[in-house]
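Number of protein chains: 2
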Amino acid sequence: MADRANELKVDGTRLWASLMDMARIGATAKGGVCRLALTEVDRAGRDTFVRWAEAAGCAVTVDGIGNIFARRAGRDEALAPVLVGSHLDSQPTGGKFDGAYGVLAALEVVRTLNDARLETLRPIEAVSWTNEEGSRFAPAMMGSGTFAGEFALADMLARTDAEGGTTVGAALAAIGYDGAAPAAPRPVHAYFEAHIEQGPILEAAHTAIGVVTAIQGIRWFDCRIEGMEAHAGPTPMAARRDALLGAARLVERVRAIALDHAPDGRGTVGEFRVHPGSRNVIPGRVELSVDLRHPDAGALAAMAAALGEAVAAVLADSGLGGALEQIWYSPPTAFDAACVDAVRRAAAEVGAAHRDITSGAGHDAKYLADICPAAMVFIPCKGGISHNEIEDADPAHVAAGCEVLLRAVLEKAEEPG
Amino acid sequence: MADRANELKVDGTRLWASLMDMARIGATAKGGVCRLALTEVDRAGRDTFVRWAEAAGCAVTVDGIGNIFARRAGRDEALAPVLVGSHLDSQPTGGKFDGAYGVLAALEVVRTLNDARLETLRPIEAVSWTNEEGSRFAPAMMGSGTFAGEFALADMLARTDAEGGTTVGAALAAIGYDGAAPAAPRPVHAYFEAHIEQGPILEAAHTAIGVVTAIQGIRWFDCRIEGMEAHAGPTPMAARRDALLGAARLVERVRAIALDHAPDGRGTVGEFRVHPGSRNVIPGRVELSVDLRHPDAGALAAMAAALGEAVAAVLADSGLGGALEQIWYSPPTAFDAACVDAVRRAAAEVGAAHRDITSGAGHDAKYLADICPAAMVFIPCKGGISHNEIEDADPAHVAAGCEVLLRAVLEKAEEPG
Chain A
1 MADRANELKV DGTRLWASLM DMARIGATAK GGVCRLALTE VDRAGRDTFV RWAEAAGCAV
61 TVDGIGNIFA RRAGRDEALA PVLVGSHLDS QPTGGKFDGA YGVLAALEVV RTLNDARLET
121 LRPIEAVSWT NEEGSRFAPA MMGSGTFAGE FALADMLART DAEGGTTVGA ALAAIGYDGA
181 APAAPRPVHA YFEAHIEQGP ILEAAHTAIG VVTAIQGIRW FDCRIEGMEA HAGPTPMAAR
241 RDALLGAARL VERVRAIALD HAPDGRGTVG EFRVHPGSRN VIPGRVELSV DLRHPDAGAL
301 AAMAAALGEA VAAVLADSGL GGALEQIWYS PPTAFDAACV DAVRRAAAEV GAAHRDITSG
361 AGHDAKYLAD ICPAAMVFIP CKGGISHNEI EDADPAHVAA GCEVLLRAVL EKAEEPG
Chain B
418 MADRANELKV DGTRLWASLM DMARIGATAK GGVCRLALTE VDRAGRDTFV RWAEAAGCAV
478 TVDGIGNIFA RRAGRDEALA PVLVGSHLDS QPTGGKFDGA YGVLAALEVV RTLNDARLET
538 LRPIEAVSWT NEEGSRFAPA MMGSGTFAGE FALADMLART DAEGGTTVGA ALAAIGYDGA
598 APAAPRPVHA YFEAHIEQGP ILEAAHTAIG VVTAIQGIRW FDCRIEGMEA HAGPTPMAAR
658 RDALLGAARL VERVRAIALD HAPDGRGTVG EFRVHPGSRN VIPGRVELSV DLRHPDAGAL
718 AAMAAALGEA VAAVLADSGL GGALEQIWYS PPTAFDAACV DAVRRAAAEV GAAHRDITSG
778 AGHDAKYLAD ICPAAMVFIP CKGGISHNEI EDADPAHVAA GCEVLLRAVL EKAEEPG
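As you go down the protein sequences, you meet chains A and B in turn.
If you count by the working numbering, then the first sequence holds residues 1 to 417, one letter each, in order.
If you count by the working numbering, then the second sequence holds residues 418 to 834, one letter each, in order.
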């Protein structure tokens, strides 16, 4: 078995062609993809995947939240399957690879096994999760979260789009993907997901494979800084209570907090609104957001504490008022050590340059990790850019990532019950 | 003459009553004033001033830009007059004192001289300048600037309001203040203007009188800082090109530049727009304004040079792009030493706590100083707040400022030709 598996090779050309075929569904003028969840375009993408999966001999089922499972039978159908997948929906101005790569790489694993007439002990299911992006319907990772029991199905089906016109349930029915299978946890032996990195690390390191060990935890904060509006001319520097000065100092502090937790810590001020925003008026109020991330829950908590101290110090030093509020916490996800090892070993076996990496973005694998051993394979994307129509990836990396995925899946699929 | 002048006292109660009467014209619900230039409300304010001035025995003339001159004859009508005044128009949400105080204090000077039956050598003219605020029609200080020859009359008459519907010329005609007198420079022996400080210095120092030595020069800049938008999660701190970080550092530098030129230097970042302004995206671009002020032209030029160096240094240190552009320069105005001395002496004579001060805001006196010796008298305003309906001043300060104005005017009005 091990010998035959080592001789396997995925068909990189076929995988690339499938990616490009899928990218034509919802293609944008700028070379990207707009395939919002549960639209007619999403239906076309799903239909294509289902047709390809059935052509590959899979049994396709759809669950109540629209997740699609394309199952390749194992030698022992009573054993829990290995799931492999990602999502087919995109951002409004998304790219060809975010999500689609993981789904079609899973399909390529199935096709490669078929070509080799290689039966695995456990069943393998290529999965397309519903609405990972959360662009049309909140929350993101809706399908995987419902499958993992994180979200209640009825609640999800009642969610409406931004216009408030359509529910998830109605949209699923309209495109014919309101499936009969229970959208609920069931035994899964392992889950693997291939994805573009959506960051610059692998490209900068000339590394084809990222062995994803964890998904960063995230804490989101809203901060309000209040000073006193006053005229720019008559007000002496010493008499000012400049809310923008305090906010500027906080931006520098947020950076310092992230650097104090290098290399994994991240700190970002993204929203930043200055009032009244008039050229000759000293700003009286700034509202800003802080996004802190770290793959270690303790380190992330320490960063949050440091942020609280930084806000207090900045306000006190600058004679300002204000408040800091944590509005969201997503705990870090540490992937299963054995699954991560399987990915690392697979990368070594195929001779691909690889390194451990943490994911800064959320993925369906986050929720799967709550109910089964899971891990991810990253490949570089050009310039680290994603959620953008210019999102791009190297065909060699696309093939290499699938090669790694195949070997990791095979290892778990041969584990006895 | 000097003995009799020293015995004079303005009638603070009468001046306050006139201020409150004028404040009823265009009164707002929040206790402020909305008397936009050349509106029917402005006409009512002008009519009231003209009626009071004629009742005080003045000969009233109006020039082609609507400036009103209420002339009290001198013993030698051939000598150039002393002008005293300010403006009656207000901001949309203005206060009772900004402008009106200077006009009605000038009228109180005339009334006080009348009560004392004291004739001056030179004529004295109480003046109300048209459209100082610039809220309805640009530019600000339109009347005094035209009188001083800074603006061409025909150009000013053709200016339209923000809606583009009404010209200054049509608005003047509609309210009956398109006067026959030339709106052009003529011999003026001296000009004095009383005004609220519009800043916190006098109040903080418990000082009733500001002896205004100069109006700050102003340089306005637009600055653009460009980095690279990227996702907050996957992008390592070291790989970021965060435009907001650069902009935050520039805010701190602008403050340092002003402090390097203490106590008179001022540096303000008032406009500050962050793109794309999304919570989990590293900002790719910030547009901000810088307002630098100093009463000394050389110091202001040095501040501008330092700003250029600061922008270059911040961009280089932070790996960012961008540009800095000066969009406006208003040179400093140093008031006439003899007029300033007259104000300082007058403050000493009336026993008022006083200190030298520079004006951070523009005033009609700025343009008058181009054609004649000029100076200003400041009084405190509550909390340093103006351009606000809660603008307030202490009746004792209102009276003291007028007392000082009276003595400074008398000194210049007795100077032989």
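It is worth saying that the hints were derived from the structure and are not from the lab.
Quantities reported herein were computed from a predicted structural model and do not represent experimental measurements.
Virtual Cβ for every residue (Gly too), placed ideally from N, Cα, C.
Hints should not be assumed to be uniformly reliable.
[To be verified] Just so you have them, the derived chain A footprint on chain B, three or more residues with Cβ under 8 Å:
#, segment
1, 552-559
2, 667-677
3, 800-814
[Said to hold, decoys possible] Not close to chain A: a few residues of chain B, all C-beta gaps over 12 Å, as computed:
#, residue
4, Ala587
5, His623
6, Ala649
7, Gly663
8, Ala718
9, Ala722
[Stated by the list, open to error] Not the full set, but computed from the structure, chain B residues with beta-carbon under 10 Å of chain A:
#, residue
10, Thr577
11, Arg603
12, His606
13, Thr685
14, Ile699
15, Arg772
16, Ile788
17, Pro790
Structure-based check of each hint:
Here's how the segment 552-559 of chain B fares: 0 of its residues keep a CB closer than 8 Å to some CB of chain A, so the rule of at least three is not met and the hint is violated. With 5 residues having a Cβ less than 8 Å from any Cβ of chain A, the segment 667-677 of chain B passes the three-residue criterion, so the hint holds. Only when three residues or more bring their CB closer than 8 Å to a CB of chain A does the claim for the segment 800-814 of chain B stand; here the count is 4, and the claim holds. B:Ala587, annotated as away from the interface, keeps every beta carbon of chain A farther than 12 Å; the closest lies near 29 Å.
For B:His623, the shortest C-beta to C-beta distance to chain A comes to about 14 Å, beyond the 12 Å cut-off, and the non-interface label holds. Some Cβ of chain A comes within 12 Å of the Cβ of B:Ala649; the nearest lies about 4 Å off, and the non-interface call is violated. Residue placement check: B:Gly663 does not keep its beta carbon more than 12 Å from all beta carbons of chain A (closest about 10 Å). With a closest Cβ-Cβ approach of about 18 Å to chain A, B:Ala718 is found to remain outside the 12 Å limit, as its non-interface label requires.
Taking the minimum C-beta to C-beta distance to chain A, about 19 Å, the non-interface status of B:Ala722 holds against the 12 Å cut. Against a cut-off of 10 Å between C-beta atoms, the interface hint on B:Thr577 is violated, since the closest Cβ of chain A lies about 22 Å away. About 30 Å separates the beta-carbon of B:Arg603 from the nearest beta-carbon of chain A, more than 10 Å, and the hint is not met. Residue-level restraint check for B:His606 is violated (minimum Cβ-Cβ distance to chain A is 29 Å; threshold 10 Å).
Restraint check, B:Thr685 versus chain A: the minimum CB separation of about 4 Å is within 10 Å; hint holds. Against a cut-off of 10 Å between C-beta atoms, the interface hint on B:Ile699 holds, since the closest Cβ of chain A lies about 6 Å away. The beta carbon of B:Arg772 comes no nearer than 13 Å to any beta carbon in chain A, farther than 10 Å, and the hint placing it at the interface is violated. Annotation: interface hint on B:Ile788 violated; nearest CB of chain A at approximately 23 Å, more than 10 Å.
A distance limit of 10 Å between C-beta atoms decides the matter here; for B:Pro790 the minimum to chain A is near 23 Å, and the interface restraint is violated.
Of the numbered hints given earlier, the model fails hints 1, 6, 7, 10, 11, 12, 15, 16 and 17; all others are met.
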